[in-house]
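Chains as they are written, first to last, in the working numbering: chain A, 1 to 325; chain B, 326 to 522; chain C, 523 to 1260.
Derived DEER-like restraints, expressed as beta-carbon distance ranges:
1. Val492(B) - Asn221(A): 27 to 33 Å
2. Glu654(C) - Phe365(B): 17 to 23 Å
3. Glu665(C) - Ser14(A): 54 to 60 Å
4. Asn221(A) - Lys486(B): 21 to 27 Å
Over 12 Å on every C-beta distance to chain A, these chain C residues come out as not near it, computed from the model:
5. Gly964
6. Trp1091
7. Lys1113
Only some residues are given here: those of chain B computed to face chain A with a beta carbon under 8 Å:
8. Arg390
9. Ser426
10. Thr432
11. Met436
12. Ser500
No lab work stands behind these hints: they were computed from the structure.
Model, not experiment: these values are computed from the prediction.
Cβ atoms here follow ideal geometry from the backbone N, Cα and C, with glycine treated the same way.
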Amino acid sequence: MKPFNFIKSENLESALAPQKEAAQFIAGGTNLVDLMKKNIAQPNTVLDVTAALPNKVVKTPLGISIGAMARNSAVANDQSILSAYPLIAKALLAGASQQIRNMASVGGNILQRTRCPYFYDTTTPCNKRQPGSGCSALQGENRMSAVIGYNEQCVAVHPSDLCVALAALDSTVNYAQTKQKSGVIPFKDFHLLPGSTPQKDNSLPNNALITSVEIAANPFNKNCAYVKIRDRDSYAFALISVAAALQLNNKKIVQARLASGGVAHKPWRWYEAEQFLKGKNATPAIFSEAASIAVKDIKPLSQNGFKTTMLKGAIETALQNCIKI
Amino acid sequence: MSNGEKFKRRSFLKTSGILAMFAAIPPTISAFYSDAKKFFVTPKKLIKINVSINKKIYEFNSDSRTTLLDLLRENCELTGTKKGCDHGQCGACTVHINGESALSCLTLAAMMPGKEITTIEGLANGDQLHPMQSAFIECDGFQCGYCTSGQIMSAVACVKKGQTRSVAEIKEFMSGNLCRCGAYNGIVESIQKVAAK
Amino acid sequence: MGFFDNTPNFATPPEGRVEGIAKVTGKGKYAAEYSVKNICYGVLVGSTVPAGAIKNINLENAQQASGVLDIITHLRKPLVPGMADEAKIKEARFGLPVFHTNKIYFKGQPIALVIAETLEEATYAASLVEAEYISEPFNVDFETHAKTIELKEIGKEKGSVDTWSTVPYIVEAEFNIKAQVHNPMEMHATIAEWKSIDQLKLYDKNQGVNGVQRTFARLFSIPEKNVEVISEFVGGGFGSGLRVWPHVLAAVMAAKQVNRPVKLMLTRQQMFAGTGYRPASWQKITLGVDASGKFAGVFHRAKNGSSVYENFAENITGTTRLIYHFANLKTQSAVVPLNLSTPTWMRGPGDCTGVFALESAIDELSYQIKQDPVALRLANLALDKNPNTGLPWSTNFINECIVRGAELIQWKNRKTLPNQLVDGDWSIGYGMAVGMWNAGRGNASAGIIMQKDGSITVQTAMTDIGTGTGTGMQNIAHEITAIPKNKIKIELGNSNLPPAPSQGGSNGMSSVSGAVVAVSKALKLKLAEYAVSLNELYKGVSADEVLLSANGISLKTNNNQFVSYTDIWEKNKLTEIDIEASSGPGAERQKFAFCSSAAHFCKLRVNRKTGKVKIEQMVCVADGGKIVNDEAATNQMSGAAVGGIGMALMEGHTVDAKLGGLIGDDLAGYHFAVNADAPIIKIEFIGKPDPNINPTGAKGLGEVGIIGTAPAIANAIYNAIGKRLRDLPISPDKILMG
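Could you put the whole structure together from the sequences, leaning on the hints where they help?
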């Protein structure tokens, strides 16, 4: 790890004050400290923002606001989350381990970087780590890599489970840039596809700090499910994950939400399949058809052809789990 | 960029084969190598911190890079907290920070002032073992003992959080603590034993 | 010496292992945890290319970093007499001649060692070491390279392959297993300290202190007694600690170079390239059975990966010669050199690999001939003799293991055809397999020191890597002497103690138990001898006639004739009694064959939509002779089965064939079973002592706990969904695409 100055910010204002040297915010540290140990992140200054950001889950007139500093485990056990937005809790609990959830902040979870092994191995080319060096996974070990939305620049997938649920529920990300300047980014626009700047994971402006995530009130608390397929039963990143949510009127689907992790550089929404489900009856056959619609667009790499079958199965399973009460 | 955007196979034609990329590695390294000569090596930064560990205040002039794990093991002679991977992938370094289980290898010591840290050494009460420590001995919840400190710290948290209603619930809660000896039978039994008290 | 050094004393220590308190309180010291004055830290730098030579190493930046004391490379190093020239390097048989060559054999090969005041400083400076290489072509891809290496006969052919090529039922299939990594939870570490110019003290993680001692005595041309190796608490091994790896020498060289004690702990990633692994393998089995259900013949071919600088031949086909009677048998093998580090023995070496193929093939055959796989096995077991040597088994209860295992899992609920037990998207299946291991025994010594208060300390150099060696020693000493357990202390894992073999190949308990029996009996005789001065009746008594208690000695007969230790000590003017005894295999090895065995059964469910496998029940019944410590043995067996679950479902090196190295070489990229992956595993022992193997009748269990696990799981998956998966690990993608 490269030596760095350590500064603790007591409030948002001091956290956002301009720094002389390349600075990096630290909250839970579960990803950043790891990246620093691997010499992938090499900040000159580390700014501790744990005291500068809200950490509460607060009901708002339009829905709910989750403070950026709220720990993943606190959110997963929050009563208003559990009653009105259980999909969030389900996704959180499918990720990492209890200890990591106790440490990791919601803001940090959203900003976590890919777990593509080449990104972590500084002896290999990786456009995300070192733009222009190439993508080792493209024709290398890409079993875990993307199947949609990628290009020759980068085939990494976004690792977060929480983000899959946040994407499904159309949340928004609030940030602050200076004391006066703040902004809102719809979740679907927050994470980026690799394009020509694979090193850029998201659209958060430079030096901005996520302050909270908001979810609008929605009717999906009764019928929702999170399915995660991984190489072992717990404490592993997804091969495929699916967040599914249905609003039902008796057997009829009023509206549906479907999103996936482990498939793309960002949490991926299956809009066409959602559209298809609207107005249909909630039956296994319909679910299967929706899953087929979702997977028709995916383009696996050399080693992850299985993701087509797995994704289809996972979507069907998630939808079925939505109606299993 | 919309999610509906499609990527055509054709776009791959742009990439030269991976072998060509690999052949390009040595020059890249040598380029970096000559750059490196001009590199200014940042000196280490020391910071004064007070940290409360097992209800005792320690004062350090610490390297800003020091993790809580290395602080415990290399600076406090509290080697009960184990290093099994140093990257948050095994749970051997689990301690409690303000009563919550956390990974000391991914925690900067610099962030610990004002927090109360409990390690395996702080679990027993004088000459009385913590019930979870006794249970681990009675149920043989370990073999080599290297993951045991972390297992016990997580097990204490598991009971405290009431996540003991079924074997499956215990197993899920404890899955952040790898045990290569595979002493999972005894670990689960230890937790059930303490939870039943 | 730690194992019993329980300070503070806990009020009411619970019943358990001798080192229990040290382990649950975090007080037990593992290699890197000793407090040594003036210590500094070493961090290795690995090669970034898989083959070629070092052209140039630039240390300029690294040397500028705070705290750096020195940097060792092949160009800058202290003299290692045993590696002084090419001839000596060859003679040393150390494997990788670390820092004694500019050649690069694999990615991650140590090219430099940075020594600095603190760990943070050494780690950062190591990242600043830059090297230029002359690159050479390389090959790390086992699968493609294996095809180019020819098979050779291994072992004697029995009968002829031609004679059974016309039997009605034949299975011929290929099996591929990815390399697996031991990954003990404690990363290998060494503290090296030169106490004087020719006196070396090592705190080191290994599975045999005497081997480490010999290696460094030889390399530095110093007497063995000048090398002290301490390995009291060892955080798992599974085979990775059975040889001396390059980093240990690196630490010793560093301590010489800076003339200070040096601590070197490998990173988890360095463990993947520095402490061995179970090699990748390819196998082909042809197995035939006649119309009556008798095995007609087997042809077993196997290849395993190795490095380009050492030839590691895994004995994959060995067990094929052990378990069943085959009228015709032929085995072939080959080693495939790759630009990877050298593999080594890993729990159930060879057998885990070979038995996966054999037991899968037998299962496949059972469906062909429509016979229950349990019955098919029972009908073909070689229960009378070792089919390879012809020697009669001393004891072999593998049949009882199978029968009991079938009862415990309720085998009768198994359906004879796949896809018959269905629960929604899940299919349920049962599977079983067996494993066997040649039960060995080595020469071992043990010592006892007895104090006037009647307390004894039983000692051996053997390590306890978590198997319960220390507790077993206490149990045996208690059983033989009748001294209460709370007065029996254990000291082990130190080369100054009576010598013992390495703890591997299931030999540990089998070897050391004999020594503990011998020394316990010797103690009885010694005390009887001293007691003669107080009571003539003790003259010439045998050890079996003598009873010891907390306070004194007595005779089983003759009205006991109690003599207190106090009296013995005073009469004979003793300070303490210090005796040592050795024990080893003898003529019984010419008369009998010895084996441990186990049968694994599992019930699992497979999700046909997502490929997820959930093991619901796992049962293992084992024949390990007499069980010296029931709880520890049960734990070891269930733990081995957890290892087998990993092997079956998730473990495997990921190798990038184009870049020439491992990828995802950490505990996030390399998965082994977490708590949730394993059910509560049911273990039972046959528990019949082997009267010939050693004085206790205990046979080693370390290997047989894992061997049959993976094929039992693969066979259950077939029983569930009808897919015969022959490549490990069986990850969810293989379930879906298989």
